[in-house]
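One letter stands for each residue in the lines below.
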Amino acid sequence: MKKISLMCVLILLVSITFSGCGGRKPDSVGIVQAVGIDKAEDGFKLSLQVFRVSSAGSQTPIDSSKSNVEVISAEGKTIANAVEMCENQLGKKMFFGHNQLLVINKEVNDIYSCLEYFINNFDAYLKMVVAATEKSAKDIISADISSGAVAAETMKKIFDVSKKDGYSTDSRFFKVVSNYINTDGTAVLPLIEKRAQAISDKSKESGEPAQDSLEIKKAILIKNSKFSKTLDMDEVFGINYFLSEIDDSDMIVNTSYGKESVKVKNVKQSSEITEQNDSVKLDKKITVRITLDKEESKDHRDAIKSEVEKKVKEYTESACQKMLSENSADVLGITALVRQTDYKLYKKLIDDREEFLKNVKTNIKVSAVY
Amino acid sequence: MKISSWQLLILLFLSRIFITITYFTLEDISPSVMMSTSAFSVAADMILVIPTIFLYKKYPDENVIRSAFEISKIFGVILFVLYFIFAIFMIFRTVRFFLYFFENAFLNLLPTIVVGILLIAASAYVAHLGIEAAARSASIVFVSFILLLIAVVFTTAEDFDISNYYVEPIGTSDIFSGIVNGISRSSEMVVLVLLLPYLKNGIGKSVYGFLLIKLLFVEMIVLLCMLLLGGYIEAVPFPFFTVCSFAKAPFVERLDAVFLVIWTLMGVIKLSLFTISLRPASVLIKPFSSKMATNLAPFVIGGIPALYLAYKEQMIIPLLDNELTAAAIVLLGTVIPLAVLILRRFKREKN
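Which chain is which? The protein sequence lines are A and B, in order. Position 271 of the first sequence, counting from 1, maps to 271 under our numbering, and the rest follow consecutively. Position 62 of the second sequence, counting from 1, maps to 62 under our numbering, and the rest follow consecutively.
Isolated chain A (complex conformation) (with noise of 0.2 Å):
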């Protein structure tokens, strides 16, 4: 008994060294941080920020101040033969395990491929960012932002804090998949875009080379699996309220004793579904939870309390109008809502589901709580 208790405990842990690079040399293995796609004449530009070991102009291998990434691009008819390539460049076998972020240029019309190969690859990271640009990919992956040994990481804490913030939906990856399913090729993915090169007070001074920054400062649709409307931020603001994925966030508000920053801490909502003439009548409630810097009089509270109240009404009334009643786009959860409140009634609905979102009739209340 001794025996068998002391190998199997031998065999569990020596299996925690097998979480990694799969039996695989870290010479021989590209660790891709952050990935680019394009549309390519017949395919798929592919772009890869790989991690490298020893960092650019460092004495060091890992040197935080410097980037420790090169970027290598190829093109492919799919985005397996595009990886193949660059693993043909590289000499080495592409590892997705640790990547971060996935940018697709708003020109790919098939985006259900370049979700696909990560679907498939079991190394993948499921919490990886995806997200779309306008411009070139490949830009935004080989952006100069130094700070931290890989930009990859630093990019993933700008999708973080703005998703915290109400900037950016939720679109990590198993979310952008999710959702795409259950709603037949519909998802958010917010914009991303690379700004010319900012020049800080400290490297004018220090006279090194500015550094690029990224910002996500609107959202695009998918619909039918295409890219479809650009969304702008209070349309965001609007998504993330509706589905209470603001935390701790900063609002401003205008009132008769001027303007005020308003801390939100949180958001959360209950939802009612009512069947209504072969359509659906949507109650929501949503509770803001604010918070204020310092004291103020009840007056002045009840009329930030009041703003609030009626900026996130704005908010939310205009992401249900642009996503329901104009794009007919599932992206606030109301066919998983029908679906969990009455699955016969969504049986009865989801034939025709264009027809059935457009229908929806919202009534939105909004309670502001300090």
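Worth flagging that the hints you see were computed from the coordinates, not collected in a lab. Honestly, I wouldn't trust all of these hints.
What the hints assert, rightly or not - Here are the computed lysine-lysine pairs in the BS3-like style, where the Cα-Cα straight-line distance is at most 27 Å: (1) A:Lys218 / A:Lys259; (2) A:Lys92 / B:Lys312; (3) B:Lys312 / A:Lys93; (4) A:Lys305 / A:Lys268; (5) A:Lys284 / A:Lys263; (6) A:Lys226 / A:Lys268.
As the structure is a prediction and not an experimental result, all values here were calculated from the model.
Start from chain A and add chain B according to the hints.
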């Protein structure tokens, strides 16, 4: 050597859950329907197992083949051949499924053929050590499995999305196909019929405990996949594996590697049970009276084709479809024990 009812319960459970955590897919069936029909499938199992329980109560030191020998030697030999063929087929199927899973989920980790050879060799060795060694190893694997499952639940809990949960109404055809699918995955019902002489006591506790715990864990695993993966579940061939690779714990970057070991150990236990279960009856048949022959023959006959297919990278897996497998399990796990019970009663009355 005898084992307790708890040990039998754990052996049967590990053997069954091995299938759920490796190669069950939710591509053709919604998780909601799977959850609902699992309960019906277990209810059917509870009925199908009744002849086995009666057989044990009547002849606690005999299994179905030994009982058949008491009726007629030819009948005994025929049954031994039937169960032997079943064991070979299940070994072939289990090895092939595991290697298929390994080939896809752990690409380039180790050559598949090497993994297959090690799996078969370890299973043959455990079978050689006997039921007691298998039962003791199973207890440790069971505890490890529970601990890791808890770790997966806790490390993925923040990503659960309650909107992914829904209840889909089911009809008679769903229930029927759910029962057939459930039975086709329950080769343990046949193994149980053969393992009876090893059991000290408490057949009811073992069997009904096993069926209830199986239901609980299958429901839990499907619910976990449903809440976490949502629509993604339809795109992946091994949902539970995806959930494990998803879990990010501070003590281990990706839990799938640890799970691989537990899966492999479960596979070893499942495979070894097929030959261990043949042992009590094989002593009555001359070519199989040697322990080595009973332990090795099914692995050689069933394992080598599975290894060959893996070597040739042939992804062909099921030789029999679900209906046929379910029919074979009902025949060997219910109909034959019932027939043996009736025939022995007739024989006793005649005598």
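Each hint tested on the structure:
1. Simply put, Lys218 (chain A) and Lys259 (chain A) have alpha-carbon atoms about 24 Å apart, close enough for the 27 Å limit, and the pair holds.
2. In summary, the hint linking Lys92 (chain A) to Lys312 (chain B) is supported, as the alpha carbons are separated by about 26 Å, within the 27 Å threshold.
3. This hinted pair checks out: Lys312 (chain B) and Lys93 (chain A) have alpha carbons roughly 23 Å apart, not beyond 27 Å.
4. Between Lys305 (chain A) and Lys268 (chain A) the CA atoms are separated by roughly 16 Å; this keeps the pair inside 27 Å, and the hint holds.
5. Under the criterion of a C-alpha separation no larger than 27 Å, the hint pairing Lys284 (chain A) with Lys263 (chain A) is consistent with the structure, at around 22 Å.
6. Taking the CA atoms of Lys226 (chain A) and Lys268 (chain A), the gap is near 32 Å; set against the 27 Å cutoff, the hint is violated.
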